[in-house]
Amino acid sequence: MRVALVVHGLPPHARTGVETHTAALAGALAAEGVAVEVFVPRFMPGLALFAQRREDFDDGWAVTWVSVQDEPAPEDMAAAFGAFLDRERPDVVHFQHLLRIGLGAVDEAQKRGLPTLYNAHDFYPARDTYTLMRPDLTAFESGDDEAEARCVLARRFLDGIDGIGDYHGTVLERQLNGEAWGTLRALLHDDDGSPLHAELPAARAAVGERGKLKRGAFAALDARFATSRFLARRLSAAMGRAVEWRASGIDAEPLGRLQPARVSERPLRIGYVGGILKHKGVHVLLDAFAQLEPGTAELILYGDSGDRPYVLDMRARAAEVGAVWGGPFDQDGLPAILTDIDVIVVPSLWSENAPFVIREAFAARRPVIASRTPATEESVRDGEDGILFPLGDANALAEVLRELIADESRYARLALACPSVKSIAAEAREWVATYDELVRARRAATPKPALPAHLESFAARYEALRSVPTRELFSRVMEGLGRLGSAMGVAASPEDYLAIAVGRGSRLRDGLTEDARAIDWLTRSVREQEEARKELEERSVWYADQTSGLQQSLDALERERDWHKETRAADEESRSALDAALEEARNALAALEEERGWLKETLEAGNEELEWLRGRVDSLDEERTGLLVDREALEGHFQSLGAELEQLTSNDKWLRGEIAELVRGLGADLRGGGASEPGTLTTPEISDALTAGRRGLARIVDELAWRRKEMAVVRSASEGLFQRVVGGSLAYRARSWPVEGNPEQEPRG
Amino acid sequence: MSQSVAVVIPSLADFELLERCLPLVLAELEARDVAGDEVLVVDDTGEAVLGAWIEERCPNVRVVACEANVGFGPALLKGAEAAEAEHLFAMNPDVVPRPGFLSPLASALADSEVAVASPRVLLQGEESRIESHSALRVEDGSLRVVERRPESTGGAVRPVAFAVGGAMLVRREEFVRRGGFDPLFAPFYFEDTDLGIDEWRAGLRVVEVPEAVVEHHHRGTIGARVPEELVQAAIEKNRYLLYWKYLDSRRDAHDHLAAIWRDALDAGVAGRREELVWMALALEELSGVHSARKALRARVRPFGEVLRVADPLA
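First to last, the protein sequences are chains A and B. Start counting the first sequence at 1; every next residue gets the next number (the working numbering). Start counting the second sequence at 1001; every next residue gets the next number (the working numbering).
Just to be clear, a hint being listed does not mean it is correct.
Below, in silico cross-link-like pairs of lysine to any residue (SDA-like), each with a Cα-Cα straight-line distance of 20 Å or less [stated by the list, open to error]:
#	chain 1	residue 1	chain 2	residue 2
1	A	K111	A	E463
2	A	K534	B	V1034
3	B	K1294	A	A487
4	A	K448	B	E1228
5	A	K111	B	A1035
6	A	K448	B	Q1124
7	B	K1294	A	G489
8	B	K1294	A	E463
9	B	K1294	A	M488
10	A	K448	B	T1045
11	A	K448	B	R1272
A few chain B positions that, by computed beta-carbon distances, are all more than 12 Å from chain A [stated by the list, open to error]:
#	residue
12	E1084
13	V1096
14	Q1124
15	V1146
16	R1149
17	R1171
18	I1222
19	R1239
Here chain A is said to cover these stretches of chain B; the calculated rule only asks that three of the stretch's residues, wherever they fall, bring their Cβ under 8 Å from a Cβ of chain A [what the hints assert, rightly or not]:
#	stretch
20	1002-1016
21	1046-1053
22	1200-1213
23	1264-1274
These are computed hints drawn from the structure, not numbers from a lab. Backbone N, C-alpha and C define an ideal beta-carbon position, used for all residues, glycine too.
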């Protein structure tokens, strides 16, 4: 079984928990017969980026260091890991961490059909901010994309601040000035207050995409583990994939040989062993220690980190409070370190996972005082084998320490109750079983190509050789060539052949020569481009000068243009006003013209009317004269009419009498009077009398009607004559129009 | 009087190829009208799937079934053993013979110094790509098969280094007596080259008879079933084995070892793993090489001379 262990660092270059544990695990796996190749990025001065160097370790495993600087490009890192896999041919890939390696490593393993597992030691599978601590040392939840996006921006902000060095993602308030701290807090917690807020939408989008990538890579793994139940639960919830808890082991044997610490008659020896990092809360411990009665306790701190400002700050603070600075330590020296420590303090500010130092302390039967988090509650039984205090509370920690100093028997009880811990060998055995399962499952799931039967043995040999690491393959070939030379009776040694190869040339040399030519060509090209760039820069300067001159001219022209614009605007305004006035005058003129026309027409009509009236007056004068004559005639006529009317009245009266007489006579006739004897007339005589009577009556009626008609005619004639003399229209007009030139003249009428 | 020929075609379940080549072969035999001519198909599927199919279509073709898939060389030997004619025309089912191909080949074997007669083999049926103009060269310490192009591709019988195993005429009994192709070259490739070198080395000749023409639709059989990298590995492994079998001068051995040592170094440093795998595959068979060298017939021509005479332009 060959396994590739992948981790972001390894002792002696990196000494914190995961790195140290991975080294121990590699040794333990090798002891179980596993061929272990560890892949680790590392800054290696003098080597090209992504150059790889393999190093064998005494306990039977090897590491391949890949040369990186800062944050390597993910695609280059993935390619480097792919080359490592091709060379080392592992059966299974075990990721301990992907920091500085990238998610592409999972894809590279997948592409080669290799089973993969990830053993999480922190929240990296879900978050790049794998401690779930914001830069201001406040915690957030693993599912909080918004917090992560703000962390990205906050780190961008902090990257631009001088004097905080490689701040490892977090800063203390005292490291920043008030304004910077305010900006950082606003960026992390408020909706506004920093110019960087404008970049939040892009940061959110980037975090979302990164989350998808992480979930994809996590889903592609064949198995997922976490070193605490707490982490397993949280990762499983965040990633939607099953995560199995698997406790890490430690090399417990040398620690188990330590004598129990004794605290009687001397100060309590407090120890801190771990990374000197802000989220580990070293400053909290120092603040707590500063509160203890002098002489009651000693504090020694072991560890280091790349966060140099914090390390130096803590070192200075340690000196200030009388603590001893142990500095960097080698894992092999841990038993000696713990010998002089009575109690280990784990003052972490992050949620923690399964700190190795707790298990190491227990293996050495040293109680642990730790910040209370869900993860530390898994490791430390509060009051039994250790004491938990509120996270970040230096006063509470000081109080716990005071109580422990005061109560020696309590310390003894805690030390006695320290549990046994899982050994690294036990952990290695569990992994070997997992590797076997994964490899078997992968083989079962990989269909074999259907080959003709006679090819199977050859294909099997071929595949077996393909699965051998390159150096082993090379070794086999060299050994076989030795046998071939012997069989052919050729006595030359490898050194001879090496000399021949060098002398005769080889494809490798050809390739190197070709590369050198290519490099020369590229160098020349670069030089030429550099010269061209310089020329361009010079021309650029010239252009800049020209541009500057032109700009000045342009500015002047613009100013002139602006002046013209303003003048023109004023002119435009005046012109508009004049136009408006002109238009108004035109309208007024038109109105006057119209009124003049009307007046003219009216005048003309008036003149015409006047003319007509004058004519009319003349004609009326004439008519009046005629009328006067007519009146006279009429008066004569009226007199004759009166006489005639009188005559007619008389006639009427007469007629009435005649009628009455006629009626009386007719009645007498009808009753027998008249010419005949009354009552003796015959019927025909009566009828004749009646007829004659009717005729006489009709004649009289007709006479009456004629007379009335004559009277009506006379009346109508007199009325018509009156109308002509005093007509309404003439009277009205004469009253309405004053005579021109004499308005005071009374209307005529 | 013309010699009888057994056309032996080892085949997997290549029904389409057989459907194409069998009628042509049968027509050729009918046209020759030589007593004893025969056609055998060796069913190398190991599942006897060809018998009924061939019986139905070509009742005159005999089918010999292998109990298991054994590969081209062993299947050909089985067919040769079952045949009765004087000569054996070994034929791949991806070979398409052109009319009149067989008798000129049989005539060539009338010369007792000719051990193997090759038709003109047109690669993929293209007139300009003549696969049968083969020669061997040692370049930079390694053995290479090269194609030689005569100025004229006319009708003259020419020496060639070897005949393509899928289209060659040999004396059947001799072939069977010597156990067919050398199993050192299993699973495939270079077994025919080995046969040609062996004959040249023993003082005999291998010739191409241009009057006899076949088309070789290469990789129609292996290429369809085997991954390319595995075919390549078999080719490169056998290229080493072939040279190791016939190297007969200390000088050549020294040069070759220097070359392969350098190639290994190159491959190891540059990470060209496949080349190391090919070498390792060959080196795993050193004992087989040793046995093969011991089994060689008496040498008439040294290997260097073989390279010179076994050349179409010689």
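Status of each hint after checking the structure:
1. At roughly 17 Å between alpha-carbon atoms, A:K111 and A:E463 fall within 20 Å of each other, so this suggested pair holds.
2. Only pairs whose Cα atoms come within 20 Å are accepted, and A:K534 paired with B:V1034 is rejected, the gap being roughly 88 Å.
3. A distance of roughly 12 Å separates the Cα atoms of B:K1294 and A:A487; the hinted pair therefore holds under the 20 Å criterion.
4. Straight-line distance between C-alpha atoms of A:K448 and B:E1228 comes to about 15 Å, which keeps the hinted pair within the 20 Å bound.
5. Distance hint between A:K111 and B:A1035 is unfulfilled; the C-alpha atoms sit about 60 Å from each other, more than 20 Å.
6. Under the criterion of a C-alpha separation no larger than 20 Å, the hint pairing A:K448 with B:Q1124 is inconsistent with the structure, at around 31 Å.
7. The straight-line distance between the Cα atoms of B:K1294 and A:G489 is roughly 15 Å, inside the 20 Å bound, and the hint therefore holds.
8. Proximity of B:K1294 to A:E463 is assessed by CA-CA distance (about 30 Å); at most 20 Å being required, the pair is judged violated.
9. Distance hint between B:K1294 and A:M488 is fulfilled; the C-alpha atoms sit about 13 Å from each other, no more than 20 Å.
10. A distance of roughly 18 Å separates the Cα atoms of A:K448 and B:T1045; the hinted pair therefore holds under the 20 Å criterion.
11. Between A:K448 and B:R1272, the direct Cα distance comes to roughly 25 Å. Violation of the 20 Å bound is thereby established for this hinted pair.
12. Non-interface call for B:E1084 relative to chain A: holds, since the shortest CB-CB distance, roughly 26 Å, exceeds 12 Å.
13. The non-interface label for B:V1096 is consistent with chain A: the shortest C-beta to C-beta separation is roughly 22 Å, beyond 12 Å.
14. Distance check on B:Q1124: its Cβ is at least 23 Å (rounded) from any Cβ of chain A, clearing the 12 Å threshold; non-interface status holds.
15. Here B:V1146 stays apart from chain A, with its beta-carbon at least about 20 Å from theirs, past the 12 Å limit.
16. A cut-off of 12 Å between C-beta atoms confirms that B:R1149 is not in contact with chain A; the least separation is 27 Å.
17. Here B:R1171 stays apart from chain A, with its beta-carbon at least about 26 Å from theirs, past the 12 Å limit.
18. Interface exclusion of B:I1222 from chain A breaks down, the closest Cβ pair being 9 Å apart, not more than 12 Å.
19. At the 12 Å boundary, the C-beta of B:R1239 stays outside the reach of chain A, the nearest C-beta of that chain being 14 Å off.
20. Beta-carbon proximity to chain A at under 8 Å applies to 1 residues in the stretch 1002-1016 of chain B; the threshold of 3 is not reached and the given coverage is violated.
21. With a cut-off of 8 Å between beta carbons, the stretch 1046-1053 of chain B has 1 residues touching chain A; three or more are needed, and the interface restraint is violated.
22. Beta-carbon proximity to chain A at under 8 Å applies to 0 residues in the stretch 1200-1213 of chain B; the threshold of 3 is not reached and the given coverage is violated.
23. Coverage of the stretch 1264-1274 of chain B by chain A holds [criterion: at least 3 residues with CB-CB distance below 8 Å; count 9].
Hint check: violations occur at hints 2, 5, 6, 8, 11, 18, 20, 21, 22; the rest are consistent with the structure.
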